[in-house]
Amino acid sequence: AQRVTQPEKLLSVFKGAPVELKCNYSYSGSPELFWYVQYSRQRLQLLLRHISRESIKGFTADLNKGETSFHLKKPFAQEEDSAMYYCALGNTDKLIFGTGTRLQVFP
Amino acid sequence: DAGITQSPRHKVTETGTPVTLRCHQTENHRYMYWYRQDPGHGLRLIHYSYGVKDTDKGEVSDGYSVSRSKTEDFLLTLESATSSQTSVYFCAISEGRTSKLDEQFFGPGTRLTVL
Chain A
26 AQRVTQPEKL LSVFKGAPVE LKCNYSYSGS PELFWYVQYS RQRLQLLLRH
76 ISRESIKGFT ADLNKGETSF HLKKPFAQEE DSAMYYCALG NTDKLIFGTG
126 TRLQVFP
Chain B
16 DAGITQSPRH KVTETGTPVT LRCHQTENHR YMYWYRQDPG HGLRLIHYSY
66 GVKDTDKGEV SDGYSVSRSK TEDFLLTLES ATSSQTSVYF CAISEGRTSK
116 LDEQFFGPGT RLTVL
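One line per chain: the protein sequences are A and B, in this order. With the first sequence counted from 1, adding 25 to any position gets you my numbering. With the second sequence counted from 1, adding 15 to any position gets you my numbering.
Pulled out of the complex, with its shape left as it was, chain A reads as follows (with noise of 0.2 Å):
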């Protein structure tokens, strides 16, 4: 079955220290896998898609197939980081969610 597994609730670090928020999933085929983020009084919104390959707010993701993973990087956190992140598998039309990991960034 397919299914994305985020292992931590919740993630605090340091100003500056490395961030990796873990994903792995399950998913039999060629999978597509994005990362959303939810900010404080902000709506849920896209942050990066594996296939786009690109770095947005010096985060990176890199599709392990070997792994099934999609671990999302940063490597010197920012206060304003701090967010709820979610992990996605596309399964046709549509998204699977993971339950979550929320980001905390203390000064």
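I should point out that these hints are in silico values taken from the structure, not numbers from a laboratory. Even glycine gets a Cβ: it sits at the ideal position worked out from N, Cα and C. Mixed in with the good hints there might be a few duds.
What the hints assert, rightly or not - Some, not all, of what chain A presents toward chain B, calculated at C-beta under 10 Å:
id, residue
1, V29
2, F59
3, D118
Said to hold, decoys possible - The calculated DMTMM-like cross-link candidates involving lysine to aspartate or glutamate, where the alpha carbons are at most 25 Å apart (straight line), are:
id, chain 1, residue 1, chain 2, residue 2
4, A, K82, B, D117
5, B, K72, A, E57
6, B, K68, B, E87
7, A, K47, A, E92
8, A, K90, A, E105
9, A, K47, B, E118
10, B, K68, A, D118
11, A, K90, B, D53
12, A, K40, A, E92
13, B, K85, B, E118
14, B, K72, A, D118
15, A, K47, B, D117
16, A, K98, B, D117
17, A, K47, A, D87
18, A, K47, B, E74
19, B, K26, B, E87
20, A, K98, B, E118
21, A, K47, B, D53
22, B, K85, B, D117
23, A, K82, B, E118
24, B, K85, A, D118
25, A, K90, B, E87
26, B, K72, B, E87
Dock chain B against the given chain A, drawing on the hints supplied.
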């Protein structure tokens, strides 16, 4: 923000009453989705639509129905609300022209409490 509105934004109702949530878009996007967001469960798809009068079930469709009679409106109905349907409901849209998995744009959410 993409032109997506949800109404009402907050609602408190009693068990057994019918409830309809409305999602309205001004983007002329093909796809519309209804999700619920619950702690520990993330976002789960309830129903979605890929065109006027074309809808399909999602992961948690039991107890919910939808209708889309116009491109711009997607209604979610709880025929007889239960306490387990207390949640935050999000509508999303996507263009669906270049790819079935175009970026989804989300509405502001509706907080529903069923007493």
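Right, here's what the structure says about each hint:
1. Nearest Cβ of chain B to the Cβ of V29(A): about 8 Å, under the 10 Å cut. The hint holds.
2. The beta carbon of F59(A) comes within 8 Å of a beta carbon in chain B, closer than 10 Å, and the hint placing it at the interface holds.
3. The restraint placing D118(A) at the interface with chain B holds, with a minimum CB-CB distance near 4 Å, inside the 10 Å limit.
4. Restraint check for K82(A) and D117(B): the C-alpha separation of about 20 Å stays at or below 25 Å, so the hint holds.
5. Among the hinted pairs, K72(B) with E57(A) is consistent with the structure: their alpha-carbon atoms are about 21 Å apart, no more than 25 Å.
6. For the suggested pair K68(B) and E87(B), the alpha carbons sit about 12 Å apart, so the restraint of at most 25 Å is met.
7. For a cut-off of 25 Å, the pair hint linking K47(A) to E92(A) stands: about 12 Å separates their Cα positions.
8. A hinted pair counts as satisfied when its Cα atoms are at most 25 Å apart, and K90(A) with E105(A) does not qualify at roughly 31 Å.
9. About 21 Å separates the Cα atoms of K47(A) and E118(B), which keeps this hinted pair within 25 Å; it holds.
10. Note on K68(B) and D118(A): the hinted pairing holds, with a Cα-Cα distance of about 17 Å set against a maximum of 25 Å.
11. Restraint check for K90(A) and D53(B): not satisfied, since their Cα atoms lie roughly 29 Å apart, outside the 25 Å limit.
12. For the proposed pair K40(A) and E92(A), the alpha carbon gap of about 29 Å is over 25 Å, so the pair is violated.
13. Among the hinted pairs, K85(B) with E118(B) is consistent with the structure: their alpha-carbon atoms are about 21 Å apart, no more than 25 Å.
14. The hinted pair formed by K72(B) and D118(A) meets the criterion: a straight-line CA distance of about 12 Å does not exceed 25 Å.
15. Annotation: proposed proximity of K47(A) to D117(B) holds, straight-line Cα distance about 23 Å (limit 25 Å).
16. For the hint linking K98(A) to D117(B), the alpha-carbon distance of about 23 Å falls within 25 Å, and the restraint holds.
17. As the CA atoms of K47(A) and D87(A) are separated by approximately 11 Å, the hinted pair is consistent with the 25 Å bound.
18. Proposed proximity of K47(A) and E74(B) is supported: the alpha carbons are some 23 Å apart, at most 25 Å.
19. A C-alpha spacing of about 22 Å is found between K26(B) and E87(B), which places the hinted pair at or below 25 Å, so the restraint holds.
20. At most 25 Å may separate the alpha-carbon atoms for a hinted pair to count; K98(A) and E118(B) meet this at roughly 21 Å.
21. Only pairs whose Cα atoms come within 25 Å are accepted, and K47(A) paired with D53(B) is accepted, the gap being roughly 20 Å.
22. The hinted pair formed by K85(B) and D117(B) meets the criterion: a straight-line CA distance of about 21 Å does not exceed 25 Å.
23. A threshold of 25 Å between alpha carbons decides the hint, and for K82(A) with E118(B) the separation of about 17 Å falls inside it, so the pair holds.
24. For the hint linking K85(B) to D118(A), the alpha-carbon distance of about 20 Å falls within 25 Å, and the restraint holds.
25. Distance hint between K90(A) and E87(B) is unfulfilled; the C-alpha atoms sit about 38 Å from each other, more than 25 Å.
26. At roughly 19 Å between alpha-carbon atoms, K72(B) and E87(B) fall within 25 Å of each other, so this suggested pair holds.
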